[in-house]
Amino acid sequence: MKQLGLLLLVPVSLAIGLWAGPVTLSPAELWDGLLHASGDAAAIVREIRVPRVLLAFLVGGSLSVTGASLQALLRNPLADPYLLGLSGGAGLGAVCAIALNPNWPWAVPAAAFLGATGAVALVYRLSVVSGRRLDPRVLLLAGVVVGSFAGAIMTTIVSLSEAAELRRAFLWLLGGFGSASWRAVYVFSAYAAVPLILLLMSGRALDLLALGEESAKHLGADVERNKRLVYLATSLLTAASVAVCGIVGFVGLVIPHVVRRLSTPMHRELLPVAFAAGGGFLVLADAMARTVVRPLELPVGAVTAIVGVPLFALLLRRNYT
Amino acid sequence: MILSGSNIAVRYPGTSTRALDGVTLDLEPGRLVAVVGPNGSGKTTLVRALLGHLPLEQGNAQLDGIPVGQWRRAQLAKVVGVVAQREEVVFPLTVTQTVMLGRYPHLGPLAPIGFHDREATLKALRRCDIEALAQRRVDTLSGGEWQRVRIARALAQQPRVLVLDEPTSSLDVRHRMEVFELVRVLVTDGLAGLVVTHDLNLAGRFADRVVLLDGGKVVADGTPSEVFRRDILSDVFQWPVAVTTWSDGSPQVIPLRVGEEPVEAPKS
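As they're listed, the protein sequences go chains P and C. Read in order, the letters of the first sequence correspond to residues 1 to 321 in the working numbering. Read in order, the letters of the second sequence correspond to residues 1001 to 1268 in the working numbering.
Next comes chain C alone, as it looks inside the complex:
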């Protein structure tokens, strides 16, 4: 395992309840872990805690066996690439300039941008299939294109771990699928992946493992089929759902209408 959290508890200043309470999570190369749960269940807090952005009340988070707090930010950024939930552009750069920012952890404040940096940037652009957008200003991109640019920027960091916090929250079906297909390929090729998402069905199809959070605690942890059970999900999301199975065996979750019977939907 590369990045791991063990029995993590976090409490925000001035609050009486823990935002995270005894969460354990490991990331390994080649495996995609999806963190799901209702709004406010602690998903983003978990990402921040794993990356050492928050003081832990209990437990520890380690990268390569060293507590994340002991890593220097630039060193950490060479190992972990993160696509944060929100990012507002104030001073728009071009796509290439944006992706080149991913080289900064390797460059420091003064080193000139070299051949290797340009190569890594170009490779990241190709990987995310946005070479054609290279000279476009990022404020002219669609939501899906912008997400791919941000993933490319994380790839330019040449990380071993890729963390994405709700990467598809405002995207249409095609762009959601494109993002998840891309992430799946990157992880299968060797990255350790963590994706926070509200899209249970994409998590069910793409993730190797799902961690379901509620009120800062892990409610279920296992393969998508183990976690996505009607009783568990209905209870955690406080809304009745049905769970069916797609032809590849992945569980698919269908929220029920008011008054609809909570029975298993027919298998497709």
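Extracted from the complex, chain P is given alone in its bound form:
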């Protein structure tokens, strides 16, 4: 029943996401815009809102699946997609691109992606101890260290930049879908498909990894292979998400917990439900971000936390009292 509620979130959030925006459209206009290719409504719906909603849904779903997978891999309920140094690396890349201001629209996402993958590679290299073994505890520490280092350099660059650049960098870091386009949807889908499918297929391996390495081995898991696969897949997914929308916090940390409580803790079912719930949640947060103070936009990362934290606190209270 609760699972059904979570899945119902998907069509509801998509509808609200398409409807909300600086230009108010009636449901009839919205429907017309979706069905017919001509007219103002069609231009708004088809070229702006649909890609934006789709991108938010895909990114929210990916972050949520990533968070759930990392929490199991690291056996840590506090794990989120940005824990392993990715946000620092991505932020550094993006800030460098903003400071250099090259004349290419994809410069910031590309630099963010490069920064994130660079951080992943560095963290991975630091965490592979004694032969080819990947130690999740070292992974966690290496992630924090690399993230902090990148963050420090980023702060240095930002503090030396001009006010306009600083504002741009700050807004980018808090995340948003203002630059969503069909192209971004295609690029992200093509890129995210493989890691996402790999993670969705790793549900049972994650159930076992969550028990700890020793027990996982006894229950037949190829622990080293699974650890590497999950780590690389989650890293690539997060890097792609950061590249298209900046750093959107909270979704990857909390949606997995909500789904665990309301639906199931078994990852084979948890991951797809988390994808749907994370996607729906981020679409709603984005809809709020662009309507609450219109025509201005709030960073979606701020909205996810402002709305999500009280909800989650309520859920925690209900479950523990």
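The hints are simulated quantities; they were obtained by calculation from the structure and are not laboratory data. Idealized CB from N, CA, C, for every residue including glycine. Some hints here could point you the wrong way.
What the hints assert, rightly or not - Below 25 Å or equal to it, Euclidean Cα-Cα: the simulated DMTMM-like pairs (lysine to aspartate or glutamate) are: (1) 1078/C to 1181/C; (2) 1123/C to 1026/C; (3) 1078/C to 224/P; (4) 1078/C to 213/P; (5) 1078/C to 269/P; (6) 1123/C to 1139/C; (7) 1217/C to 1026/C; (8) 1078/C to 1119/C; (9) 1078/C to 1129/C; (10) 1123/C to 1178/C; (11) 1217/C to 1028/C; (12) 1078/C to 1189/C; (13) 1078/C to 165/P; (14) 1123/C to 1189/C; (15) 1078/C to 222/P.
Unchecked claim - Away from chain P, derived, C-beta distances all over 10 Å, residues of chain C: (16) 1026; (17) 1188; (18) 1260.
Said to hold, decoys possible - Incomplete in silico selection of chain P near chain C, CB under 7 Å: (19) 75; (20) 201; (21) 204; (22) 210; (23) 212; (24) 214; (25) 215; (26) 218; (27) 219; (28) 220; (29) 222; (30) 249.
Knowing the structure of chain P, use the given hints to seat chain C on it.
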């Protein structure tokens, strides 16, 4: 024999002494082997070596005549069920969900859970007498109940070998007895059993054979009466003990107080 280790030696990286040195051990259906010894004597290392989790410096470990290293993990888990020493729960499941994890070696990543898997899970729950707990979350269980759940999970693997590493270390008398009674029945019904334990008296009563380790070497190997001798145990554990015999003939070990005379305790 199903699982056997022959002349096994293991050295952990960066250490000068061997953690295991020339250990030989066979497991057979219907027989329970207890591995005992002081802390750090190599008991858990022996379990890991037998299961192919550690590289061997010397000797070999075989399952059904094939070196364990050549077994795929999932295939191995269909033959050997293990209850490891420690397992901390981070994301609590229900008892049924936990026991169902024992079906994973049979299912692979994608196959749906079928009738046979549910049957095996239910049978394991019944066998361990935890059907009534089926829907409880495992973080609400007592220590004894949790151990039974883990044994049930190993049984759901439908193994031929059952390995338990210190299954009773934090349990009270009743729960210790329940675990050993359960393991004894499972082994008598046909499993090959290996139990690592610090409880010499339970080993003495339940095991068919005892292997006493000290410093990675086998100090004594035989029936409980052959291994549990006052001189051997006092020497290995570096503490004076007396050994008496219970009415069923099993040896019982009594550690002596400081200053107490190391004489044979009266037979009961």
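Status of the hints after comparison with the structure:
1. 1078/C to 1181/C: OK: residue 1078/C and residue 1181/C at ~24 Å, within 25 Å.
2. 1123/C to 1026/C: 28 Å, violated
3. 1078/C to 224/P: 20 Å, holds
4. 1078/C to 213/P: It holds: about 18 Å lies between the C-alpha atoms, which stays within 25 Å.
5. 1078/C to 269/P: Judged against 25 Å, a Cα distance of about 24 Å means the pair holds.
6. 1123/C to 1139/C: OK: residue 1123/C and residue 1139/C at ~22 Å, within 25 Å.
7. 1217/C to 1026/C: 15 Å, holds
8. 1078/C to 1119/C: 16 Å, holds
9. 1078/C to 1129/C: 22 Å, holds
10. 1123/C to 1178/C: 18 Å, holds
11. 1217/C to 1028/C: Holds: residue 1217/C and residue 1028/C sit about 21 Å apart, inside 25 Å.
12. 1078/C to 1189/C: 18 Å, holds
13. 1078/C to 165/P: The hint is violated at about 60 Å.
14. 1123/C to 1189/C: 14 Å, holds
15. 1078/C to 222/P: Given that 25 Å is the threshold and the Cα spacing comes to 14 Å, the pair holds.
16. 1026: 21 Å, holds
17. 1188: The assertion about residue 1188/C holds, with a minimum of 23 Å to chain P.
18. 1260: 40 Å, holds
19. 75: 5 Å, holds
20. 201: With Cβ-Cβ at 5 Å, under 7 Å, it holds.
21. 204: 5 Å, holds
22. 210: 5 Å, holds
23. 212: 6 Å, holds
24. 214: 5 Å, holds
25. 215: Because about 5 Å separates residue 215/P from the closest Cβ in chain C, which is inside the 7 Å limit, the hint holds.
26. 218: 4 Å, holds
27. 219: 6 Å, holds
28. 220: Residue 220/P check passes; min Cβ-Cβ to chain C is 3 Å, inside 7 Å.
29. 222: Because about 5 Å separates residue 222/P from the closest Cβ in chain C, which is inside the 7 Å limit, the hint holds.
30. 249: 21 Å, violated
The earlier numbered hints that this structure contradicts are 2, 13, 30.
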